[in-house]
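Given the coordinates of chain A, work out where chains B and C should sit on it, guided by the hints.
One-letter residues, chain by chain:
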Amino acid sequence: MSDAFTPNPVTPYLKPPRGSEATRPEPRSLFESSPPDLKVLAELSGQNVLYSRQFSFQQVAELCKLAAFLEQVEIWPYHPLDGKIVTTAFFEASTRTRTSFESAVHRLAGKIISIPDGSITGAKKGESLQDIGEMFNAYCDCVVMRHTETDAPKRILQNLRVPLINAGNGSGEHPTQALADWYALLKWKPRLAAPFETGDRRLQMGILGTPGSMRAVKSFLLMSLLFADHIEKVTVISEMADPFGKDVTESLNRADIEYEVTNDIRESLPKLDVIYMNSIAFLGDSYKALDARYKLDAESPLKKDAVILHPLARLDELDTSLDKTPHNLYFSQAHGAVFVRQALLLAVLGRLDRLPEFS
Amino acid sequence: MSDAFTPNPVTPYLKPPRGSEATRPEPRSLFESSPPDLKVLAELSGQNVLYSRQFSFQQVAELCKLAAFLEQVEIWPYHPLDGKIVTTAFFEASTRTRTSFESAVHRLAGKIISIPDGSITGAKKGESLQDIGEMFNAYCDCVVMRHTETDAPKRILQNLRVPLINAGNGSGEHPTQALADWYALLKWKPRLAAPFETGDRRLQMGILGTPGSMRAVKSFLLMSLLFADHIEKVTVISEMADPFGKDVTESLNRADIEYEVTNDIRESLPKLDVIYMNSIAFLGDSYKALDARYKLDAESPLKKDAVILHPLARLDELDTSLDKTPHNLYFSQAHGAVFVRQALLLAVLGRLDRLPEFS
Amino acid sequence: MSDAFTPNPVTPYLKPPRGSEATRPEPRSLFESSPPDLKVLAELSGQNVLYSRQFSFQQVAELCKLAAFLEQVEIWPYHPLDGKIVTTAFFEASTRTRTSFESAVHRLAGKIISIPDGSITGAKKGESLQDIGEMFNAYCDCVVMRHTETDAPKRILQNLRVPLINAGNGSGEHPTQALADWYALLKWKPRLAAPFETGDRRLQMGILGTPGSMRAVKSFLLMSLLFADHIEKVTVISEMADPFGKDVTESLNRADIEYEVTNDIRESLPKLDVIYMNSIAFLGDSYKALDARYKLDAESPLKKDAVILHPLARLDELDTSLDKTPHNLYFSQAHGAVFVRQALLLAVLGRLDRLPEFS
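Residue numbers (my numbering), protein chains in the order written: chain A, 109 to 467; chain B, 109 to 467; chain C, 109 to 467.
Calculated directly from the structure, the hints in this document are not laboratory data.
As the structure is a computational prediction, the values presented were derived from the model and not from experiment.
Check each hint, because a few of them may be wrong.
Just so you know, same-sequence chains aren't split out, so a pair can sit in one copy or run between any two.
[Said to hold, decoys possible] Calculated cross-link-like contacts (lysine to aspartate or glutamate; reagent style DMTMM-like; alpha-carbon spacing at most 25 Å): (1) Lys432 <-> Glu134; (2) Lys147 <-> Glu366; (3) Lys123 <-> Glu151; (4) Lys403 <-> Asp427; (5) Lys147 <-> Asp308; (6) Lys403 <-> Glu235; (7) Lys432 <-> Glu465; (8) Lys354 <-> Asp337; (9) Lys262 <-> Asp427; (10) Lys341 <-> Glu368.
One chain only, chain A, in its complex shape (with noise of 0.2 Å):
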């Protein structure tokens, strides 16, 4: 990385702390894998992000490249988001996500409206989304929104003609949550990012959550597709009969991987390299907990070098025993999220011209 830049400021308070094992990758290895390919980044120049399936690998990859780029640097004083405005609309309330978008917009010098629950907004007054689509595009450059009806998307794109990220809709995806948990993957073994050599060892990974039901593990497990090379089989441990659904068994079969569904945790557990896990789902109107039984602590019968994903929020199913071990990817998982989608905002934006120079 060129000394012509200013290390982000942010860098120092992402360490784990003393006395802390947490697994916090590096960017600059990814990063230095090979530097991000802004041709390949400029096909989603304003795109719709939907939903995992729409990247292609290579999209995926440069994205993550370019984050861990801007995970390095301090890119604010570049302002690459110069007089954009950023709506988060978020119908279902949320903070973390929200947030982070926020912060991604902000660093990157850009604008943002923040609508912050659907309770407070003219929604309770039955207006449609179609009709709420038709006013944004008068309003903003993008909107970022959270639903929680599935079809929501589908309803606004009648209308809104600004680039829509879907933050999560109903059960459908969260895809750009599963941006940040392959940029997290990318990071702790950037060879991922590549395609597969012979003599790479394949990854065992293993899903606790319900992929049919659950938008954040749906979205993870598809973008996981893109790297089937990479992946020996996936493991789903579940109590449910089908915790896939027709959709995702049918992305699941073209893609040609190898995977099963399992109930025993303790069985399954010390093979995996890769856990992600969830356990909570937003269902209805509520927020309920699936597969409870399933936790994971210090105790667990886990592979010295397996790492952890969560989406976080988090009840009790993953406990902070596990915080200050190195299976505890997550932390960097949350942290990444911010520059993944810093990543997506200037690529869905156009504004990937305003980028200095790499080297």
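This is chains B and C only, laid out in the frame that chain A set:
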């Protein structure tokens, strides 16, 4: 318009999509009819904006011409509201109006303090609006307030000394909505911005709603009185015996304008050039639909060139089948609200001198 | 003050309106008593601001002198908080405190992420403050937090590594309110910012409220102990047997300050120079008025030059008939909170070097 200006980047998103014949009048004609007279607009510096009747015909015309300029060009690089803070104090929540003001401030490079809902404020502690007004004197340069109580502006103005812009006060007024309404009409027929000339055809104007109890309708009707010379007659279609109330009736009589009240929508509709519709009113603490029998859809017996205005949000009284027809002026009306609010903020905050030369 | 500075544009709005004799001390005297000592303020860089007792007399005096500078000049053009993000995390909602911090950040050209209410956050999902703290490490440079629970700062600080400013924690403290209180007093009597000199007249200070259970009162009283040399006696007027609680009692005793508790307001009031009043406390999950028998109005037997402080919001315990009298120092106190919070943010965020030369 001088080539020195960058076109407003929002413009492509405001064009009706392919297949739609919605009426989108270009701002160019209004702006070029005669450029904005900044001396007239300077009269508004430091003024509160509380109700329609405070404006002169000329102030409305010049505000709309300035809005037409702001709609065409990218104004952000001039940072006209540099260093200015606007508080959007929405004790009565709103998506549309609050976000439209916030977009207006952002595009002018001003700053925003956002109070999106009255239930999450000190008001819950029973704090008086008078005390809130005294507080705002130190916090910001301008307050945009919406409140469920009609006397809220009067109460906050006991101590507030920075300009107040009324974004809706109970069953009082909504003057900036009326400005948005007339901005749409003046773009549609720029001759309305000049004195009536013999040979012009006067407009048949219709109102579906209750001016006496719906603040947006009231403000629109009262602002229309400034254009009385251009209006043949105002027909209010309502089931109520007295849809005006004493105050509006007096203004109507003083304005020497012909008006009538009828409940026969089928007989009146085919004669009207402009139909202003609003059937949702905030009464007490909830939304009520009045005159719900009167609905418009693509089958309604509308004059060929008739245009419809509606402040939105709408329920089902204005059918979406009209959206793609030339009768749809309400989408342009919604878009234009941002630009006329920009013009108003520049005038009230005394920043007209930051504008570039128009030619 | 050098002529190089533009006067703060807010100044005219802070002057009491015609007909009001409210006390508005000019910041000039405090600033010119001796200019702010930035070396002392540099001690605060990167520090959490949790309670009154963490400050030294000198730090409070210098913060208030810097506030006096910021109140007089227009600081925004120097952009001292360029690129810095402050999160206002108000899990307990507030209009006054949140908007005053946001105004402070805006005037310094910083950026804001706003969480205006705890009910619209991941906290609803049961997410822990510890996890929220870890998240904030990547999102912002500083967190200003208000919470209903007294141990909330302790919990978030388990993982939060950027500075935390406590804006009120249950029945704990409200240190920045105490700074605002003392800023008002130091402008009123600049000699209080210097060591006591023989011949100065000591103050008779009164408190109408319950320091043990009202955080603003507690913080004010504890910060007042730094000025013990200037105080003749503290009289707490309360109906409670022990209005202090063990912790405050110990601090009072250590400070070697004379104090008494009485329930006789009529006997005590005429002797007091400063009356600090607060009768609203947030207890549990609602607001309660304590000691509601004790009200002040224009007929109260106040000493001629006595001044009243009240953190506001108020109900009817502090009558509006006092607003136009010289006893009213509470409006100045409310205004000044913005400037002393600006001073604090500059110090905590290590941006004192962005200030212009004072002379």
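Checking against the hints above, which ones are violated? Violated hints: 2, 5 and 7; rest satisfied.
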